Amino acid sequence: MKHLIDIESLSVDEINQIYNRALEFEKGHRKANHINSNIVNMFFENSTRTKMSFEMAENKINAKKYDFCADASSLNKGEDMFDTINNLSAIGMNVFVIRHNDDNLVKELSQKVYFQDAAFVNAGSGIYSHPTQALLDYYTIKRHFLDVKDKTITIVGDIAHSRVASSNIALLKKIGAKIRCLAPEYLTGDKVEGVEYYTDLNSAFENTDIIMALRIQKERIQEHINIDEYIKNYQITKENLPYAAFLMHPGPVNKDIEIRSDVLELQNAKTILNQAKNGVFIRMAVLDMVLNSMGL
Amino acid sequence: MKHLIDIESLSVDEINQIYNRALEFEKGHRKANHINSNIVNMFFENSTRTKMSFEMAENKINAKKYDFCADASSLNKGEDMFDTINNLSAIGMNVFVIRHNDDNLVKELSQKVYFQDAAFVNAGSGIYSHPTQALLDYYTIKRHFLDVKDKTITIVGDIAHSRVASSNIALLKKIGAKIRCLAPEYLTGDKVEGVEYYTDLNSAFENTDIIMALRIQKERIQEHINIDEYIKNYQITKENLPYAAFLMHPGPVNKDIEIRSDVLELQNAKTILNQAKNGVFIRMAVLDMVLNSMGL
Amino acid sequence: MKHLIDIESLSVDEINQIYNRALEFEKGHRKANHINSNIVNMFFENSTRTKMSFEMAENKINAKKYDFCADASSLNKGEDMFDTINNLSAIGMNVFVIRHNDDNLVKELSQKVYFQDAAFVNAGSGIYSHPTQALLDYYTIKRHFLDVKDKTITIVGDIAHSRVASSNIALLKKIGAKIRCLAPEYLTGDKVEGVEYYTDLNSAFENTDIIMALRIQKERIQEHINIDEYIKNYQITKENLPYAAFLMHPGPVNKDIEIRSDVLELQNAKTILNQAKNGVFIRMAVLDMVLNSMGL
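If you're matching them up, the sequences are chains A, B and C in order. So in my numbering the end of the first sequence lands on 296, straight run, no missing numbers. So in my numbering the end of the second sequence lands on 592, straight run, no missing numbers. So in my numbering the end of the third sequence lands on 888, straight run, no missing numbers.
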């Protein structure tokens with residue numbers, strides 16, 4: 001694996017290689033020592049969790065990490081992204097971990113021949129792609145259930161605008177799991193073949209093994225989302241959450257919006273912190289594989 | 297010592313353990329190698345000195361350090377502090393060094409059972425607590441005078457709004473030193489038992505061994521402090537500074553406000569840079585003890 | 593070499609020592625291990641390239657690096673620069689890498705006796721001085737041509753307001769190269785003895801070995817530079833660039849302003865990324881020599 005662009009570019013084999021390598025890191029069966037590797041984190045959108053998780057992973061594989069502060073940078077001076085990366089690559093940066101609102105940026109960068117010595121890892125882009133999130137969600141499910149293929153996963157929330165949803169759907173489809181999406185019609189987005197769409201919570205939750213709640217973006221609530229209606233019909237509560245279902249959420253949870261606060265105290269919600277924990281192993285695995293493919 | 301919340305929570309024994317460990321670090325008799333420890337610095341208020349001092353200490357004990365940028369973080373997205381820390385703890389952060397304007401935050405965090413794997417160090421909070429400052433001030437005094445108990449320390453300035461003053465008073469009371477506070481009535485604050493209060497500089501400075509000047513917060517001058525009167529009656533000058541007294545200041549000094557510039561060239565003021573230097577040893581000691589108590 | 597203040601303060605011997613040490617680093621013949629050295633980067637002006645280049649160099653010589661965030665610092669609280677540096681020096685910072693709009697700051701700092709334990713490296717100041725840029729440009733030329741003395745270098749652009757131009761002129765004069773400056777009269781600035789000034793591109797480019805294009809500062813275009821006229825008479829194009837000339841640029845290029853885009857695809861422009869690459873070796877050499885002179 002030279003780059004991590006999106007889930008679509010990965011084969012099932014590669015997904016399982018990442019899973020296995022992450023598992024080796026979790027169990028302490030593998031150590032990585034990339035002391036001569038330089039990884040630069042370029043986050044053009046706010047993010048605590050993903051950025052800190054990547055930084056932790058970079059430390060754990062003993063790479064050197066750099067923080068490219070988008071605001072404090074020459075990008076203010078009209079320099080474009082390609083030039084910046086070309087320059088950083090000349091300086092000696094090996095891997096570029098990028099979060100950006102442009103869904104095509106990482107792919108375009110990976111296709112430039114003059115970046116042949118650079119690798120790109122998508123840390124979340126636009127509304128379509130957040131591959132490390134989908135990989136860590138898969139890891140979390142598989143780690144518990146072993147076989148994901150015969151499981152039913154229901155994704156709930158603003159499906160149309162969630163890169164977590166798109167990437168998870170792409171991954172779970174590849175694996176062959178049963179995917180349900182639950183949302184009011186106006187938040188459903190383009191329907192994906194093979195996915196079952198629901199507007200009624202109780203029907204969607206029936207026989208569901210895993211419920212993935214999405215974060216409702218606060219900035220979308222006022223204009224685009226009828227929040228009272230959403231809460232009434234789609235908020236996850238102690239009453240409507242199936243007893244044995246795993247509850248997942250990419251974090252941070254908007255309490256009492258997509259999930260009622262008291263649900264977070266249930267055993268079902270323990271998964272959410274496991275997702276955070278597993279994210280580090282997945283990112284270690286991805287970076288380790290990318291660096292290995294560069295001979296580093 | 298699991299956390300460093302405030303001076304009030306420390307016993308005299310613990311204070312002297314911190315002193316001794318800092319001394320070992322200063323003398324090079326102790327090395328610490330916390331290569332697998334992850335410390336995150338969360339500064340929600342501006343600070344050069346304290347933040348850089350903690351970073352230096354973290355490097356010197358070979359811990360991994362992380363910078364949580366308050367502005368660039370998901371806290372913008374409405375996430376609350378507990379969730380953030382819960383997540384960072386799941387990711388693998390061991391120690392949280394926190395500066396925040398809320399005086400209760402660090403204590404509250406330390407009391408949550410679900411943070412059992414996390415340690416909290418108060419790097420300055422609200423107007424009451426700045427324990428590492430008081431510890432380094434104590435270290436600086438004791439390092440020079442050996443016995444602090446029979447010394448007279450006069451604290452001068454806006455006592456009412458200074459966390460440096462509160463923490464020093466708490467510590468020096470525990471140790472049994474003679475404490476004087478010098479300030480105009482309206483800056484004196486709630487009187488603490490066992491402390492002598494003065495409004496007249498010459499009386500307060502008589503037979504004083506150590507004078508601790510406080511920083512006058514610029515933002516308080518216009519509205520709350522009659523600055524001309526303050527300078528006239530309380531500014532430390534070559535004329536009113538006792539010949540043999542140690543002059544201390546937490547820095548940065550507002551020159552020609554709390555201290556007249558030319559005083560800073562005197563031998564008495566050499567202590568101020570020693571405070572800065574000693575701060576690193578104290579923070580090494582605190583972090584080392586906290587990490588040890590976690591088995592790290 | 594205790595400090596790197598400006599090119600004027602360096603002897604030809606010192607310039608060549610820096611060249612030789614950088615060459616040793618590039619070839620892998622020298623390793624530096626400054627594990628106990630603490631270098632703080634203080635960038636008071638935006639910069640991606642120079643800052644990242646210094647950070648890479650600091651990592652490669654195994655020093656500890658610190659980021660002094662100008663905005664997030666106590667300088668907001670009215671503290672002045674000297675106090676800050678005095679404090680950081682007491683904390684244990686050894687080298688201060690400073691970018692600032694004040695051309696005299698680094699020199700003044702280096703002259704304070706109380707900073708005797710601190711070294712200062714100018715990372716670009718005001719409109720006069722950017723010594724590491726001139727050193728890396730010299731390195732890039734000498735690395736290719738071996739002898740720089742008999743070469744003709746033409747500097748093109750807003751000479752009057754470019755610290756890259758001033759530092760390069762100072763260095764190339766010391767070395768004894770033939771220097772030409774090409775600019776419209778109003779962007780020429782004070783004429784330097786020994787430099788040939790041109791207003792006509794074709795005359796300036798005749799028999800030129802190296803062309804150094806300067807970055808036109810966007811913020812100066814509207815008010816101070818007649819940009820259409822500049823492009824018509826001074827933009828570097830495939831048509832006017834001499835076939836064998838090396839094209840240099842400090843980056844980032846304003847495409848289709850100082851250089852027409854398609855020129856960047858030519859072999860002549862390959863030098864530009866070499867400049868970026870070489871910058872790391874020069875900064876490693878400078879920091880290594882500064883630290884050696886401190887016994888570190």
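Just so you know, these hints were derived from the structure itself, not from any lab. From a predicted model like this one, the values you see are computed outputs, not experimental measurements. For every residue, glycine included, the Cβ atom is placed at its ideal position computed from N, Cα and C. Treat the hints with care, as some may be off.
[Unchecked claim] List time: in silico DSSO-like cross-link candidates among lysine-lysine, alpha-carbon distance up to 27 Å:
hint, chain 1, residue 1, chain 2, residue 2
1, B, LYS361, A, LYS277
2, C, LYS869, A, LYS64
3, B, LYS534, B, LYS566
[Stated by the list, open to error] Sample of chain A residues lacking proximity to chain C, with all beta carbon distances greater than 12 Å (derived):
hint, residue
4, ASN36
5, ASN38
6, LYS64
7, SER89
8, GLY92
9, GLU196
10, TYR243
11, GLU265
Structure-based check of each hint:
{"no.": "1", "hint": "B:LYS361 x A:LYS277", "result": "holds, 18 Å"}
{"no.": "2", "hint": "C:LYS869 x A:LYS64", "result": "holds, 18 Å"}
{"no.": "3", "hint": "B:LYS534 x B:LYS566", "result": "holds, 14 Å"}
{"no.": "4", "hint": "ASN36", "result": "violated, 9 Å"}
{"no.": "5", "hint": "ASN38", "result": "violated, 7 Å"}
{"no.": "6", "hint": "LYS64", "result": "violated, 5 Å"}
{"no.": "7", "hint": "SER89", "result": "violated, 8 Å"}
{"no.": "8", "hint": "GLY92", "result": "violated, 5 Å"}
{"no.": "9", "hint": "GLU196", "result": "holds, 47 Å"}
{"no.": "10", "hint": "TYR243", "result": "holds, 48 Å"}
{"no.": "11", "hint": "GLU265", "result": "holds, 36 Å"}
Of the numbered hints given earlier, the model fails hints 4, 5, 6, 7, 8; all others are met.
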